[in-house]
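Peer 1: Counting with my numbering, you get residues 1 to 335 for the letters of the sequence shown.
Where hints are given, some of them may not hold.
[To be verified] Below, a list of computed lysine to aspartate or glutamate pairs in the DMTMM-like style, where the Cα atoms sit at most 25 Å apart:
1) K58 / E90
2) K117 / D74
3) K92 / D175
4) K226 / D158
5) K174 / D115
[What the hints assert, rightly or not] Here are the simulated distance ranges between beta carbons:
6) S56 / S298: 48 to 54 Å
7) K140 / P257: 16 to 22 Å
8) I180 / T210: 50 to 56 Å
9) S276 / K226: 21 to 27 Å
10) Q188 / D237: 23 to 29 Å
11) Q137 / V330: 33 to 39 Å
12) S87 / T155: 49 to 55 Å
13) P53 / E264: 31 to 37 Å
14) K109 / K140: 40 to 46 Å
Derived by calculation from the structure, the hints in this document are not laboratory data.
Built from N, CA and C at the ideal position, the CB exists for glycine as well.
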Amino acid sequence: MPSKSWAKTLTGAAVIIALTGAVTGCSSKTSGNNTTGNATATGNATATIPPAPKYSGKVVATYTGGKLTKQELDKQYNLQVALAGQSSKEPKSKFVNYYITWYKYLYAKSVKKGDTKVNAQLANSQASQVLTQLASQVYKSKSQLQAKMKSLGVTKADLVRYFAKQQYLQQYVKDETKNIKVTTKQEQTYYNQNKKQFMTVTVDQILLSTKAKAQAVQKQLQNGAKFATLAVKDSKDPSAKTNKGHFANADPTQFVPPFANACETQPLKKITIVKSQYGYHVLRVDSRTQKKFSAVQSQIKQTLTSNAQQKKITQVYNNAMKAANIKLQVKQSDL
């Protein structure tokens, strides 16, 4: 989870990140208590899901099957966005559609299905973990976090309920994506079209601060100097002191783009200079090895499955938002 955002908000793509982890899923065998929706709870016998609050007051939006009050919007926005310090990036006008679609419309559909077993212990544990992360990564201390929560009107109980709802939505997503299959033909096609992703290279490089220095080192190498010797002596790359500028069977996709592109395309054994944001790389590609399809097939399957799941979830979200027929009852500035 990103250090400054525990609640994935706004777009279908963001929601994908929050929910697709549940497609492979994990479940608890222990029993516990539940007071949310119609699901059966599992988990520690002492862990519970706090009862849902009753919101009242001005209605800011309606949707198929319900309404959203200003009180609920403020509470959930503060919980999922403001508490994580993301208010400047997540305006309420966009959060409304996200929240209603997932946490009102689709959540209600998931509860109605009745196939979710809420793990109360897990929801409580996740809430505790988030508070610990926020205290150390977003705020300066636990007391500062507590003061912020008080000013926003949110509590740990709100977080526990949030993660309980996540379990419903995760089950809903799992049901929607359970029939996704990837064929060997699709895997082979992906491999053929993306062979550079499955290549390793052995390359020597020396990183210099200026083009003039790089050209001087290049000339020395062309005149017979050893890469290892000059890398230890001249390279700005801290790793050169130990690896002597030598990267064996490396994945070029892990390098910065200009350097990676050179690793993939430069003629073998030719000493060239490439510029990146770090400086000037004097490099020589010694070899390239193409990984066999059989060696990466499982990796490709995972990638294609994940892509298909994300596409399906985006479709589910978009269709649900359309079916929800969300209508604001106030001006955006009054949300």
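Peer 1: Now look at each hint and say whether the structure bears it out.
Peer 2: Quick rundown of the hints versus the structure:
Among the hinted pairs, K58 with E90 is consistent with the structure: their alpha-carbon atoms are about 22 Å apart, no more than 25 Å. For the suggested pair K117 and D74, the alpha carbons sit about 29 Å apart, so the restraint of at most 25 Å is broken. Annotation: proposed proximity of K92 to D175 is violated, straight-line Cα distance about 30 Å (limit 25 Å). At most 25 Å may separate the alpha-carbon atoms for a hinted pair to count; K226 and D158 exceed this at roughly 63 Å.
As the CA atoms of K174 and D115 are separated by approximately 11 Å, the hinted pair is consistent with the 25 Å bound. About 53 Å separates the C-beta atoms of S56 and S298, a value consistent with the hinted range of 48 to 54 Å. For the hinted restraint 16 to 22 Å between K140 and P257, the CB-CB distance of approximately 36 Å leaves it violated. Remark: the range hint 50 to 56 Å for I180 to T210 is upheld by a beta-carbon distance near 52 Å.
Distance hint check: the CB atoms of S276 and K226 are about 23 Å apart, consistent with the given range 21 to 27 Å. Hint check: Q188 to D237, Cβ distance near 38 Å, so the stated range 23 to 29 Å is violated. The hinted window of 33 to 39 Å between Q137 and V330 holds, with their beta carbons roughly 34 Å apart. In this structure the hint that S87 and T155 lie 49 to 55 Å apart at CB is violated, the actual value being about 19 Å.
Taking 31 to 37 Å as the suggested C-beta distance range, the pair P53 and E264 does not conform, at roughly 56 Å. Judged by the Cβ atoms, the range 40 to 46 Å given for K109 and K140 holds: they are separated by roughly 41 Å.
Checked against the numbered hints above, the structure breaks hints 2, 3, 4, 7, 10, 12 and 13 and satisfies the rest.
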